[in-house]
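Protein chains: 2
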Amino acid sequence: MAVYTDVTDEALERFLAPYDLGAVLAFKGIAEGVSNTNYFLQTARDRFILTLYEARAPREDLPFFLGLMEHLARAGVTCPQPVRARDGQALGEIAGRPAALVTFLEGISIRRPTASHCAAAGESLASLHEAGRDFPGRRANPFSVGGWRPLFEAAAGRADAVAPGLSARTEAAIRALEREWPLGLPEGTIHADLFPDNVLFVQKRLSGLIDFYFACTDGLAFDLAVCLNAWCFEPDGAFNVTKGRALIEGYQRIRPLAPEEVEALPILCRGAALRFMLTRIVDWLDVPPGALVKPHDPLEYDRKLAFHAGVPHAASYGLAR
Amino acid sequence: MAVYTDVTDEALERFLAPYDLGAVLAFKGIAEGVSNTNYFLQTARDRFILTLYEARAPREDLPFFLGLMEHLARAGVTCPQPVRARDGQALGEIAGRPAALVTFLEGISIRRPTASHCAAAGESLASLHEAGRDFPGRRANPFSVGGWRPLFEAAAGRADAVAPGLSARTEAAIRALEREWPLGLPEGTIHADLFPDNVLFVQKRLSGLIDFYFACTDGLAFDLAVCLNAWCFEPDGAFNVTKGRALIEGYQRIRPLAPEEVEALPILCRGAALRFMLTRIVDWLDVPPGALVKPHDPLEYDRKLAFHAGVPHAASYGLAR
Numbered sequence: 001m002a003v004y005t006d007v008t009d010e011a012l013e014r015f016l017a018p019y020d021l022g023a024v025l026a027f028k029g030i031a032e033g034v035s036n037t038n039y040f041l042q043t044a045r046d047r048f049i050l051t052l053y054e055a056r057a058p059r060e061d062l063p064f065f066l067g068l069m070e071h072l073a074r075a076g077v078t079c080p081q082p083v084r085a086r087d088g089q090a091l092g093e094i095a096g097r098p099a100a101l102v103t104f105l106e107g108i109s110i111r112r113p114t115a116s117h118c119a120a121a122g123e124s125l126a127s128l129h130e131a132g133r134d135f136p137g138r139r140a141n142p143f144s145v146g147g148w149r150p151l152f153e154a155a156a157g158r159a160d161a162v163a164p165g166l167s168a169r170t171e172a173a174i175r176a177l178e179r180e181w182p183l184g185l186p187e188g189t190i191h192a193d194l195f196p197d198n199v200l201f202v203q204k205r206l207s208g209l210i211d212f213y214f215a216c217t218d219g220l221a222f223d224l225a226v227c228l229n230a231w232c233f234e235p236d237g238a239f240n241v242t243k244g245r246a247l248i249e250g251y252q253r254i255r256p257l258a259p260e261e262v263e264a265l266p267i268l269c270r271g272a273a274l275r276f277m278l279t280r281i282v283d284w285l286d287v288p289p290g291a292l293v294k295p296h297d298p299l300e301y302d303r304k305l306a307f308h309a310g311v312p313h314a315a316s317y318g319l320a321r
Numbered sequence: 322m323a324v325y326t327d328v329t330d331e332a333l334e335r336f337l338a339p340y341d342l343g344a345v346l347a348f349k350g351i352a353e354g355v356s357n358t359n360y361f362l363q364t365a366r367d368r369f370i371l372t373l374y375e376a377r378a379p380r381e382d383l384p385f386f387l388g389l390m391e392h393l394a395r396a397g398v399t400c401p402q403p404v405r406a407r408d409g410q411a412l413g414e415i416a417g418r419p420a421a422l423v424t425f426l427e428g429i430s431i432r433r434p435t436a437s438h439c440a441a442a443g444e445s446l447a448s449l450h451e452a453g454r455d456f457p458g459r460r461a462n463p464f465s466v467g468g469w470r471p472l473f474e475a476a477a478g479r480a481d482a483v484a485p486g487l488s489a490r491t492e493a494a495i496r497a498l499e500r501e502w503p504l505g506l507p508e509g510t511i512h513a514d515l516f517p518d519n520v521l522f523v524q525k526r527l528s529g530l531i532d533f534y535f536a537c538t539d540g541l542a543f544d545l546a547v548c549l550n551a552w553c554f555e556p557d558g559a560f561n562v563t564k565g566r567a568l569i570e571g572y573q574r575i576r577p578l579a580p581e582e583v584e585a586l587p588i589l590c591r592g593a594a595l596r597f598m599l600t601r602i603v604d605w606l607d608v609p610p611g612a613l614v615k616p617h618d619p620l621e622y623d624r625k626l627a628f629h630a631g632v633p634h635a636a637s638y639g640l641a642r
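Those sequence lines, one after another, are chains X and S.
Using my numbering, the first residue of the first sequence is number 1, and each one after it goes up by one.
Using my numbering, the first residue of the second sequence is number 322, and each one after it goes up by one.
Derived by calculation from the structure, the hints in this document are not laboratory data.
Please read these numbers as outputs of a predicted model, since none were measured by experiment.
Warning: the hint list may mix true and false statements.
[Claimed, not checked] Listed next, with one range per pair, are the computed distances between beta-carbon atoms:
id	chain 1	residue 1	chain 2	residue 2	range
1	S	Ala484	X	Arg138	15 to 23 Å
2	X	Ala172	S	Ala484	48 to 56 Å
3	S	Ala376	X	His296	19 to 27 Å
4	X	Ala75	S	Gly343	24 to 32 Å
5	S	Gln524	X	Glu171	30 to 38 Å
6	S	Arg335	X	Val241	51 to 59 Å
7	S	Ala365	X	Ala75	27 to 35 Å
8	X	Arg158	S	Pro379	36 to 44 Å
9	S	Arg432	X	Ala315	54 to 62 Å
10	X	Gln203	S	Arg526	45 to 53 Å
11	S	Arg335	X	Glu263	27 to 35 Å
We treat Cβ as the ideally placed atom computed from N, Cα and C, and that holds for glycine.
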């Protein structure tokens, strides 16, 4: 939630020279995304987002992300579309960082989604999965089962500083999931971070999906599990099965789940909860004192993990048996 | 340079209910201003800035600032114009803070102004002074000569932590200015903070003035002195007399300076330099370690103060004798 890199009018002018976008009418640093710097740019031609990829962004993967957004936009998914310069390049450099211009999407994100928002999100997620089927790019998910232990080890000694007992609990969850993690589920390109912040609405209509910088190749149902975690819990920690049903039904209207995906859903939900708990623990421990960025609470996902551990069947998430 | 207060879609909806602005199409926290929270808002009707006044903003003065912007906009100064709700109110509340919507101005600020930018700024400053003549509101300048000693005392013991000797140097400058400060100069409504960040340009055309939250009633030429400090020094600390001349000539095209203002210009420039040095010292010492906001360097104004101390006559700033 902060602009990390300052861009002067002169740097912007140099960056825009190889594009045909007309006069700059507005340029404002915006509080969007957590690891990249984003600017809202309005020119005589259109509105754009300029993203500067900061140190945390894996540079070798930028062509994958940009290529994916182009592919999805062509297939009808409303997502930001990279803007190419006259020489065909979508990736440039500004203020010493790799940078790209993408089209601006209207809409605002919803803090407390209703079942109807969940249905729209589910439908949109499935459309993304369908549209991504013939995307040729591949990128392993660094935050799937193989990445959890290294992530945990980076923070292990200090996890108990977040909450007593968290370290042992997390260790046990990783060990169990490493043993039980389902293999061979239908794979494809997933968003991997489709939280309500990344879904825009204009009034009740879903107007676009944003922030594809965790996108990767992984089990499609894992993406649905991420959404069940992100969209269907109430602030008091209760799982709202009406929202879960709406999300899953929305998804299945576009892409019905295979029986093995239905069966795996509870464990995929545990894995998704663990994945966000782990990065939140690391971020929590890494924040300098006094920083303006307030990290997300890792314990929210500790509680969600405990909920999923008690789920015997996908029916508990609202899936019709 | 940070969004301080988070505004949810629900809070925004409640805030906008008494306005007639149409559907919300975009709402982004922007990195603008240093002490208030600002959002870019686009609705079906127009683009706006939503400002939440944080603790540092003097609440009793908000009607002065909003009234001034309305007055100036009516008089043809391109500045943000407060938007009134159906009941006529321009000041509302959101997320527990006083808040106001103003119209959005196109343009970007120029990091390294040329003489032509300086001329436009000078002209615009004088137009503001002319337009403000019949503004009935009054607000004492908390950062004029009477405010410097209390400000310094708040930081006095620690000024040497910024640079050795700074404390004694500042003390001496305050004492001299308290003795020599000119009284009885033409007064009116001044912007008091017209730095390049607060002046927008679309290509070479000045498109608007923003951030009126230091505006007050004070000597008009003091405002020009603030601009000479803010617009006419080079990054290496040298005063650029070509830019100074452009700024002063631009100003005088609209409002010629009185002889006593010309005479007072060097001491007004010292006062303006001291004023920004003092608030920068306080901000410098107040920043929590690790904060993302990088405070402005107080020593930049220590050096400017030293320059002005050696100026015998306004001719050194480029004023034609």
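Cross-check of the supplied hints:
1. Distance hint for alanine 484 of chain S and arginine 138 of chain X: a CB-CB separation of about 55 Å, inconsistent with the stated range 15 to 23 Å.
2. Distance hint check for alanine 172 of chain X and alanine 484 of chain S: the Cβ-Cβ separation is about 55 Å, which falls inside the suggested range of 48 to 56 Å.
3. Hint check: alanine 376 of chain S to histidine 296 of chain X, Cβ distance near 25 Å, so the stated range 19 to 27 Å holds.
4. At about 31 Å, the beta-carbon gap between alanine 75 of chain X and glycine 343 of chain S stays in the expected band of 24 to 32 Å.
5. Checked against the hint of 30 to 38 Å, the pair glutamine 524 of chain S and glutamate 171 of chain X fails, with Cβ atoms roughly 60 Å apart.
6. Checked against the hint of 51 to 59 Å, the C-beta distance between arginine 335 of chain S and valine 241 of chain X comes to roughly 29 Å, which is inconsistent with it.
7. The hinted window of 27 to 35 Å between alanine 365 of chain S and alanine 75 of chain X holds, with their beta carbons roughly 28 Å apart.
8. Distance hint check: the CB atoms of arginine 158 of chain X and proline 379 of chain S are about 43 Å apart, consistent with the given range 36 to 44 Å.
9. Taking 54 to 62 Å as the suggested C-beta distance range, the pair arginine 432 of chain S and alanine 315 of chain X conforms, at roughly 60 Å.
10. Restraint check, glutamine 203 of chain X to arginine 526 of chain S: a C-beta distance of roughly 36 Å breaks the suggested window 45 to 53 Å.
11. Between arginine 335 of chain S and glutamate 263 of chain X, the C-beta spacing of about 44 Å breaks the proposed range 27 to 35 Å.
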